[in-house]
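Chemist: What follows is the residue order along each chain.
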Amino acid sequence: MASRKEGSGAAGGGFGSAKGKGKAAAAGDSAVKQVQIDGLVVLKIIKHYQEEGQGNEVVQGVLLGLVVDDRLEITNCFPFPQHTEDDADFDEVQYQMEMMRSLRHVNIDHLHVGWYQSTYYGSFVTRALLDSQFSYQHAIEESVVLIYDPIKTAQGSLSLKAYRLTPKLMEVCKEKDFSPEALKKANIAYENMFEEVPIVIKNSYLINVMLWELEKKSAVADRHELLSLASSNHLGKSLQLLMDRVDEMSQDIVKYNTYLRNVSKQQQQKHQQRRQQENIQRQSRGEPPLPEEDINKLFKPPQPPPRMESLLIAGQINTYCQNIKEFNAQNLGKLFMAQALQDYNN
Amino acid sequence: MTDVRLSQLLSARRTQPLSLAKWRLQLPVRLLPRPPRRRVRRRLPPPRRGALPPRPLRPRRPRRPRRRPRHCQPRSRAPSPEAAWCGCTQSCSPPSWTASSGATRARRGSSGRCWVRAAALPCPARRSLGGSAPLSRCPFLPLPPAGTVDKHSVEVTNCFSVPHNESEDEVAVDMEFAKNMYELHKKVSPSEIILGWYATGHDITEHSVLIHEYYSREAHNPIHLTVDTSLQNSRMSIKAYVSAPMGVPGKTMGVMFTPLTVKYVYYDTERIGVDLIMKTCFSPNRVIGLSSDLQQVGSASARIQDTLTMVLQYAEDVLSGKVAADNTVGRFLMDLINQVPKISPEDFETMLNSNINDLLMVTYLANLTQSQIALNEKLLSL
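Protein chains in written order, with the UniProt record's numbering: chain A, 1 to 346; chain B, 1 to 382.
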């Protein structure tokens, strides 16, 4: 679903080239080539989820920072309170404004550059996210959404991804026209919906000093969750979600097929032919021919179903598959290592 | 029905001159026609421009019980008030001086132990506003153990900075601001209360006493954290204090700051985050990227390999007599060896093969699904 830039894989070479201080992006190109995050932001996001987001809920928050050349530097963030039913009078905008004002007062970066969200097993491609990101990107050109996957992180490695909408999708969203023709014209496939922006983490010197201190003082033992061989639970859940989505997808396809069938039935020339025959008869009788009305004026053509849903589902399925494959690759590697060790023992 | 009632009323009031207005006033409310009950539908407020888009409502989730803090050791009063204990507080960016404060959960033992939790979230160093105020004070919000008040330890989980001004003889802290920020923070995590305050700098001054006094009104027995960003002794020492009155009662009274132990505590995921962030210490321009899947497995196994080499080296040293044998270490080593499960080769083969088959099948299915949806896209665009 994302035209994956290779940044996340190539730790050294990738961002070395992407970090080039180029000019502003050319038309059609994305304005942000790299996202640079402070350690502070990463840990705040982790903490927010840990404290407030157990279970299936997503936690959200706002990212603050600056744009430098083609790099988006995120230096701070603050969390957003959860929505509950008895908070109907809670004013989101006011909360945000207050927070930003206070932060500005103490000379912290307060410029809004994006938002973050946690996800459950990678299921974040929803209409809500699309709408939110569209309004963000519409207002702020370079905004990104950071997706934090806590379950994957708990398995041993931080999973944080930054996404933006492609310019093509932005155009389509602006028109608000999601019919099949419009999407075909814009040539959008599910891979072209989101684009992933590579992330780097950067800390200041003082923070590095603090981290050295922590390393000395913290007595927490090193955990090796990454090397654990137990994988069936995680796989089972991911596959369950994938199956649900595939079911939805098949329903969507059935709907689209019925639509196509209706359209073709209507466009069959039966009515037209009858009209023509009648006209011929009338001509033979010497009467003026009836006007051959346009078929569409008589019968309303069936509405084409909006294609956005199926695009989203396809995108979501793609994400699931990518995640599952990544997970499997890791586990295969671990299993082969275990095999090698066992052979050595014997 | 109304007529009947009206006539009754009229008959009842026959003695008085009836004017329309009068008996209208005296009509019991019930006689007036009941307004039709309209179902008031709540309209969603229109989306505000330039604001965050409204989020879909989520069902209310049950609050999970808060964790209880671990018990700490019995009290030990260290005599020197100068010894500063620092605890890292989270996400503090003091306004004036360059301060990098770690965001950690400091579970501070008022007795001796302080458990610092979470990863240190250092704040980026900030330019000093005026250069005059060497210290910045900020209150911090800890996570108190809900329900139980543990006398010996306190957990610090969050913090925010508060602007202040300091001159020779007076200090002014913006309390309104502090209250405001606290209210905002409470909206997100309603169970956090103010535990104390932090300051950057390596020492305690008279101003600290004043501010501490203020905060003792806000919180019971407030904690004072100092984070030494001037890197005295080439260390960023983080220390915590609690105040105790001292002096001769009735005559000169003073305040003594007794130090506390600071410990760092992490959530698991935070630990992973901190490990990742720590890698920037080793990179030349302090930048790291996020690595891909197999790379992570590789680095994790490299770490284990290093530790194993260390252990082997130690064993060899002991055997060759270079290092004296230590029984505890020996016992740990025994446990380590015994933890490797003994499985017969056939059983292991079957287990391995079934796992590998599962994984391969799932990979195949995932690829199949992906090609399926790609095909679907192509067909639709025909």
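Calculated directly from the structure, the hints in this document are not laboratory data. Any given hint could be a false lead.
Mimicking DSS-like on lysine-lysine, the simulated pairs with C-alpha atoms at most 25 Å apart in a straight line are [to be verified]:
id: 1; chain 1: A; residue 1: K237; chain 2: A; residue 2: K168
id: 2; chain 1: A; residue 1: K265; chain 2: A; residue 2: K255
id: 3; chain 1: A; residue 1: K174; chain 2: A; residue 2: K184
id: 4; chain 1: A; residue 1: K176; chain 2: A; residue 2: K255
id: 5; chain 1: B; residue 1: K378; chain 2: A; residue 2: K168
id: 6; chain 1: A; residue 1: K217; chain 2: B; residue 2: K342
id: 7; chain 1: A; residue 1: K237; chain 2: A; residue 2: K184
id: 8; chain 1: A; residue 1: K185; chain 2: B; residue 2: K342
id: 9; chain 1: B; residue 1: K378; chain 2: A; residue 2: K216
id: 10; chain 1: A; residue 1: K176; chain 2: B; residue 2: K251
id: 11; chain 1: A; residue 1: K265; chain 2: B; residue 2: K279
id: 12; chain 1: A; residue 1: K255; chain 2: B; residue 2: K378
id: 13; chain 1: B; residue 1: K279; chain 2: A; residue 2: K184
id: 14; chain 1: A; residue 1: K184; chain 2: A; residue 2: K265
id: 15; chain 1: B; residue 1: K342; chain 2: A; residue 2: K184
id: 16; chain 1: B; residue 1: K378; chain 2: A; residue 2: K334
id: 17; chain 1: A; residue 1: K168; chain 2: A; residue 2: K185
id: 18; chain 1: A; residue 1: K325; chain 2: B; residue 2: K378
Each pair of labels, with its calculated beta carbon distance range [as the list claims (entries may be wrong)]:
id: 19; chain 1: B; residue 1: D347; chain 2: A; residue 2: I253; range: 53 to 61 Å
id: 20; chain 1: A; residue 1: I253; chain 2: B; residue 2: I193; range: 48 to 56 Å
id: 21; chain 1: A; residue 1: I253; chain 2: B; residue 2: N357; range: 41 to 49 Å
id: 22; chain 1: A; residue 1: V93; chain 2: B; residue 2: D203; range: 55 to 63 Å
id: 23; chain 1: A; residue 1: M243; chain 2: B; residue 2: V323; range: 52 to 60 Å
id: 24; chain 1: A; residue 1: Q240; chain 2: B; residue 2: N353; range: 46 to 54 Å
id: 25; chain 1: A; residue 1: A329; chain 2: B; residue 2: A244; range: 32 to 40 Å
The C-beta atom is built at its ideal place from N, Cα and C for all residues, glycine as well.
Chemist: Between the beta carbons of M243(A) and V323(B), is the distance compatible with 52 to 60 Å?
Modeler: 57 Å Cβ-Cβ, so the 52 to 60 Å window holds.
Chemist: Hinted pair, alpha-carbon criterion (25 Å max): K342(B), K184(A). Please report holds or violated.
Modeler: Violated. K342(B) to K184(A) sits at ~60 Å, over the 25 Å cutoff.
Chemist: Quickly compare the C-alpha distance for K184(A) and K265(A) to 25 Å and report which way the hint goes.
Modeler: Holds - the C-alpha atoms of K265(A) and K184(A) are around 22 Å apart, at most 25 Å.
Chemist: Starting from K217(A), check that the Cα of K342(B) is at most 25 Å away, please.
Modeler: Violated, because 37 Å separates the two Cα atoms, which is more than 25 Å.
Chemist: For the pair supplied as a hint, K378(B) and K216(A), confirm whether the alpha-carbon distance does not exceed 25 Å.
Modeler: 57 Å, violated
Chemist: Against the 25 Å threshold, does the CA-CA distance of K279(B) and K184(A) hold or violate the hint?
Modeler: 46 Å, violated
Chemist: Please verify whether K378(B) and K334(A) have alpha carbons no more than 25 Å apart.
Modeler: 37 Å, violated
Chemist: Indicate whether the distance between the beta carbons of D347(B) and I253(A) respects the range 53 to 61 Å.
Modeler: Cβ of D347(B) to Cβ of I253(A): about 45 Å, so the range 53 to 61 Å is violated.
Chemist: Is it true that the CA of K255(A) sits at most 25 Å from the CA of K378(B)?
Modeler: Holds, at about 17 Å.
Chemist: Taking 32 to 40 Å as the stated bounds, is the beta-carbon spacing between A329(A) and A244(B) within them?
Modeler: Given a distance of about 58 Å, which is not inside 32 to 40 Å, the answer is violated.
Chemist: For the pair we were handed, K265(A) and K255(A), check the Cα-Cα distance against 25 Å.
Modeler: It holds: about 15 Å lies between the C-alpha atoms, which stays within 25 Å.
Chemist: Verify the proposed pairing of K237(A) with K168(A), using a straight-line Cα cut of 25 Å.
Modeler: 33 Å, violated
Of the numbered hints stated above, those contradicted by the structure are hints 1, 6, 7, 8, 9, 10, 11, 13, 15, 16, 19, 21, 22, 24, 25, listed in ascending order.
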